[in-house]
Amino acid sequence: MVTERVQVVVIGGGATGTGILRDLAMRGLSALLVEQGDLAHGTSSRFHGLLHSGGRYAVKDKEAAKECIEENLLLRRLAPDCIEPTGGLFAQLPSDDPAYAETWVKACAEAGIETKELDVGALIQKYPVLSPKITRAYSVPDAAVDGFRMLWSNVNSARRYGAKMANYSKLTAIHQTNGRISGVELTNTLTGEARQIECDMVINAAGAWAGEVTTLAGLDVSIIKDKGTLLAFNHRLTNQVVNRLRPPGDADIFVPHGTITLLGTTSVSVDDPNSFKTTDKEVQDMLAVGREMMPRIDDYRIIRAFAGVRPLYQANKGAGGRAVTRNFALIDHEQRDGLTGLISIVGGKFTTFRLMAEKTVDLAAKKLGNNTPCRTKEEPLSAPQSAEMLERGKKVFGVPGAKKAAERLGEGFAKVVAEAEQDRAKRRMFCECEMVSAAEIEYVADDDDSKTLSDIRRRTRMGMGTCQGIFCSYRTLGAMSDHKQFTVTHREFLAEFLQNRWRGVRAVLWGQQLREAQLSSEIFCTLFGMERMK
Amino acid sequence: MNKKTDVLIIGAGLSGLMAAAKAAESGKKVTVAAKGMGSLSLSSGCIDLWGYDIDDPQQVCPNPLAQIARLGEVNREHPYTKVADVLEESLRCFQGITARYGCDYRDNGGANWLLPTAVGTFRPSFLAPPSMAVKDLDKAKRIVIAGYEELKDFYPEVMAANLARNGNLPESVNIAVVKLRCAWKKLYATTLAHRLEQAEGIKEAVDQIKPHVVSGTVVLFPPVLGERLDIDVAARLSAALGAPVYEVANIPPALPGQRLQQLLLKHLRNMGVDVIIGCTFTGAKTEGNRCLQVTAEGAGKTFTFAAQTYVLATGAFVGGGLDSRIGAVREMIFDLPVCTLEKWASGEFLSMNGHGFNRFGIAVNDRLQPLDEAGQVCLENVRITGANLAGANGPIEKCGNGVALASGYKAGKLAGEVPS
Numbered sequence: 001m002v003t004e005r006v007q008v009v010v011i012g013g014g015a016t017g018t019g020i021l022r023d024l025a026m027r028g029l030s031a032l033l034v035e036q037g038d039l040a041h042g043t044s045s046r047f048h049g050l051l052h053s054g055g056r057y058a059v060k061d062k063e064a065a066k067e068c069i070e071e072n073l074l075l076r077r078l079a080p081d082c083i084e085p086t087g088g089l090f091a092q093l094p095s096d097d098p099a100y101a102e103t104w105v106k107a108c109a110e111a112g113i114e115t116k117e118l119d120v121g122a123l124i125q126k127y128p129v130l131s132p133k134i135t136r137a138y139s140v141p142d143a144a145v146d147g148f149r150m151l152w153s154n155v156n157s158a159r160r161y162g163a164k165m166a167n168y169s170k171l172t173a174i175h176q177t178n179g180r181i182s183g184v185e186l187t188n189t190l191t192g193e194a195r196q197i198e199c200d201m202v203i204n205a206a207g208a209w210a211g212e213v214t215t216l217a218g219l220d221v222s223i224i225k226d227k228g229t230l231l232a233f234n235h236r237l238t239n240q241v242v243n244r245l246r247p248p249g250d251a252d253i254f255v256p257h258g259t260i261t262l263l264g265t266t267s268v269s270v271d272d273p274n275s276f277k278t279t280d281k282e283v284q285d286m287l288a289v290g291r292e293m294m295p296r297i298d299d300y301r302i303i304r305a306f307a308g309v310r311p312l313y314q315a316n317k318g319a320g321g322r323a324v325t326r327n328f329a330l331i332d333h334e335q336r337d338g339l340t341g342l343i344s345i346v347g348g349k350f351t352t353f354r355l356m357a358e359k360t361v362d363l364a365a366k367k368l369g370n371n372t373p374c375r376t377k378e379e380p381l382s383a384p385q386s387a388e389m390l391e392r393g394k395k396v397f398g399v400p401g402a403k404k405a406a407e408r409l410g411e412g413f414a415k416v417v418a419e420a421e422q423d424r425a426k427r428r429m430f431c432e433c434e435m436v437s438a439a440e441i442e443y444v445a446d447d448d449d450s451k452t453l454s455d456i457r458r459r460t461r462m463g464m465g466t467c468q469g470i471f472c473s474y475r476t477l478g479a480m481s482d483h484k485q486f487t488v489t490h491r492e493f494l495a496e497f498l499q500n501r502w503r504g505v506r507a508v509l510w511g512q513q514l515r516e517a518q519l520s521s522e523i524f525c526t527l528f529g530m531e532r533m534k
Numbered sequence: 001m002n003k004k005t006d007v008l009i010i011g012a013g014l015s016g017l018m019a020a021a022k023a024a025e026s027g028k029k030v031t032v033a034a035k036g037m038g039s040l041s042l043s044s045g046c047i048d049l050w051g052y053d054i055d056d057p058q059q060v061c062p063n064p065l066a067q068i069a070r071l072g073e074v075n076r077e078h079p080y081t082k083v084a085d086v087l088e089e090s091l092r093c094f095q096g097i098t099a100r101y102g103c104d105y106r107d108n109g110g111a112n113w114l115l116p117t118a119v120g121t122f123r124p125s126f127l128a129p130p131s132m133a134v135k136d137l138d139k140a141k142r143i144v145i146a147g148y149e150e151l152k153d154f155y156p157e158v159m160a161a162n163l164a165r166n167g168n169l170p171e172s173v174n175i176a177v178v179k180l181r182c183a184w185k186k187l188y189a190t191t192l193a194h195r196l197e198q199a200e201g202i203k204e205a206v207d208q209i210k211p212h213v214v215s216g217t218v219v220l221f222p223p224v225l226g227e228r229l230d231i232d233v234a235a236r237l238s239a240a241l242g243a244p245v246y247e248v249a250n251i252p253p254a255l256p257g258q259r260l261q262q263l264l265l266k267h268l269r270n271m272g273v274d275v276i277i278g279c280t281f282t283g284a285k286t287e288g289n290r291c292l293q294v295t296a297e298g299a300g301k302t303f304t305f306a307a308q309t310y311v312l313a314t315g316a317f318v319g320g321g322l323d324s325r326i327g328a329v330r331e332m333i334f335d336l337p338v339c340t341l342e343k344w345a346s347g348e349f350l351s352m353n354g355h356g357f358n359r360f361g362i363a364v365n366d367r368l369q370p371l372d373e374a375g376q377v378c379l380e381n382v383r384i385t386g387a388n389l390a391g392a393n394g395p396i397e398k399c400g401n402g403v404a405l406a407s408g409y410k411a412g413k414l415a416g417e418v419p420s
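Line by line, the protein sequences give chains E and H.
Under full-length UniProt numbering, the first residue of the first sequence is numbered 1, with each subsequent residue one higher.
Under full-length UniProt numbering, the first residue of the second sequence is numbered 1, with each subsequent residue one higher.
Heads up, some of the hints might be wrong.
What the hints assert, rightly or not - Pairwise CB distance ranges, derived in the manner of DEER restraints:
(1) Val270(E) with Gln59(H): 38 to 48 Å
(2) Val289(E) with Ala66(H): 24 to 34 Å
(3) Thr280(H) with Pro295(E): 49 to 59 Å
(4) Glu391(E) with Arg181(H): 58 to 68 Å
(5) Arg181(H) with Val289(E): 55 to 65 Å
(6) Leu73(E) with Arg181(H): 46 to 56 Å
As the list claims (entries may be wrong) - In silico BS3-like cross-links for lysine-lysine, where the CA-CA straight-line distance does not exceed 30 Å:
(7) Lys152(H) with Lys534(E)
(8) Lys451(E) with Lys3(H)
(9) Lys266(H) with Lys210(H)
(10) Lys395(E) with Lys186(H)
(11) Lys3(H) with Lys394(E)
(12) Lys451(E) with Lys179(H)
(13) Lys135(H) with Lys415(E)
(14) Lys170(E) with Lys359(E)
(15) Lys534(E) with Lys29(H)
(16) Lys301(H) with Lys343(H)
(17) Lys277(E) with Lys534(E)
(18) Lys135(H) with Lys152(H)
(19) Lys29(H) with Lys403(E)
To be verified - Rough simulated footprint, nothing fancy, chain H against chain E, three-plus residues with beta-carbon under 8 Å:
(20) 148-161
(21) 422-429
(22) 448-461
Hint data in this document are derived by calculation from the structure and do not stem from the laboratory.
Backbone N, C-alpha and C fix where the C-beta goes; we use that ideal spot for every residue, glycine too.
So here's chain E without its partners, still in its complex pose:
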């Protein structure tokens, strides 16, 4: 068996792990990122996609609020293609404590978060979907962030500095010699093959799975696993993030993303980090709260419900749910447990991933004798698309298609445009909802990191729009035929793809979405007999 060697193995392909990988690589440390599924298959793609201004935490968690606003402003500059600077607002209803507004405004000012009181009448005129009962409203610099794109930008940038990434690789053992980390064993979750890696250090950035990782080293880190359910509306209800001006609670944030809006979330303690199931009651409870802010919410179509698990960390056990700090903790297991070479970074939130990475790598670098300073505050994640390439893209994919592809593909865009220029058939839009061309699907399918068809879905967003994959899943079969790494049969592919979509759709099965579900069963069962396909 070949044994590979790197200085640092990072566990967890979420925002924190990919941020750490990039930081390590930029400081010249050799590193490998290990992810059990696809990038962001855990919490970093299962959240509301809010780049916090910090306003939500200002009153209760000033430290967290300060970090949020600083990172928010930084990331807008460093990764503009991952962020939509929508701005946000906090609105108060008659049932909310009116005194909270004063406390909140003051706390925001202290944390450095700019707020501005808005004319409520004008606001409701601008967004008639909002409740006419709103008493006060303030703007804040919230934004929407595409988690998936941010993570890939991190990894792509890290790779340019020589870092490596292994997805579909589960950590199955941590090796230690004389109280010192010496390596890890990884098992490929698709092939079952084991792989040994020698290293000096393991950084545990596994989020909700962080406790599972330290258990392999014989140590205990207690993570509170807190499930949050979200609803996706098939409309952009407002152009700004909408928060409720009151102490944080369930279902009080609406975040616009592209053409949709996410409503989140709940907060329920769970035992298993893989608890992604939503219940009818959660969905209905959320709608009940959401309706207070947007009374006509039931007239809008909901395309799916999904859940993610927040990894919360509380050094001294006892608190739970919303009482637990959203702050992060860096655990030096050398100091705490006497095991040299293991660091855990736990808690925190997406907005502050870069800062968490910086602090973590500061500690790791010091231990490895590396004095290079952190540069992730200065260097942008990716170079902007050239105007010339965008023009060429527009000619083959049309204006909206080219824009979306350019945002998704980064450097790959040039290659995809060139392919489509060569071959007219590749200009076909396989996914009309998200404007994904045949050329883009081919490009992603060719990539070594794409190991399953769901990877193609996550990287292109094919199948994630309004129709939830009715048409494009079938079209992707055509693209599969030329890529032999997808060893599944067409039956398996379609079943898996449709089932993944169905999980989210089934929780919101009424109105227009029930219509779509009936159409899907007409197409895949009545017309194609998929339920009996071999």
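The hints should help you fit chain H onto chain E, whose structure is shown.
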């Protein structure tokens, strides 16, 4: 605007059009009014009656009529049990009409056809138009699957990969894929169908396919062989290639369904039926257990229709006859009680049990009159047809168009018997 008619059919899908055709035969004044063009264009264009064996649902049913006759023993709520008495005559009537317009829907001697689809599965169906009634595919020496490079929704390689896996084809059969090029820039099913109605479109296809045709070849096409009913593109291609050419079922837009709709509409016009499309029904006025009139909006006008008999053929959720909110389902015109199940959907999308919501609908008696929870007739001059009926599991049983055809026929027949 007030309209008076003997029979008002609401909905222009298969069941509504059949109801109109049958009611018109009796000399009644018949009006069809519908919001849109109905969902026939979403269907395969074939008449699926009953696909699989009642006792062994993995086995294709060899004799659908005999199985449906048995259905009363195992599932008394199935809509077929309300129309079993007219099932065979409804099929004969349908075949008679289609034959009159040169598109004779063919049966397979009482057995199901097993017709290939675009993903390479085989679907059991009872009646198929000539362009789809593939004969003896298992005896072919060579199957040529012809697809257009730029047509978005047909992948001949996918079909080829699955044909052998899903059909009882001998190993010796040679399956070839031909990717056609078309001189047109944008290729949609409808534009392609139009092109194939022109001589140059046929020539373009024949020139590219011909080299792949040997003796014993069957050529399979996506369902794009012509938009119009009176131009038999499949026959033209067959003659030019010297090999039988068929089209296979595919995702919408599927032209065989549209052609059937055109055919039936043409027949209705010839029978003097008034057809009004673009009418959104808003409600009904009732007295006791009779409907007095229904109202609709369309083209900036408000219509009221008064009739002896009303046929509700508005479909389920896809058709728009039913709508739902969390935990509640509504019939949109008469506000009739809808039978639902506690479990709306299965956990698996491709479950062999299907989904509860596909069985939702209105309970009826043997005269297709709507019933309330106590089994009493709600409105005695309203008849319910097609996907509005409760109890069928169409996507799994493969009976949607069969139920629509037979129930539409029966509703039309009953309407014709009502004394003026």
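(request) Report the numbers of all earlier hints that the structure fails to satisfy, in ascending order. (result) 2, 3, 4, 8, 9, 11, 13, 15, 16, 19, 20, 22
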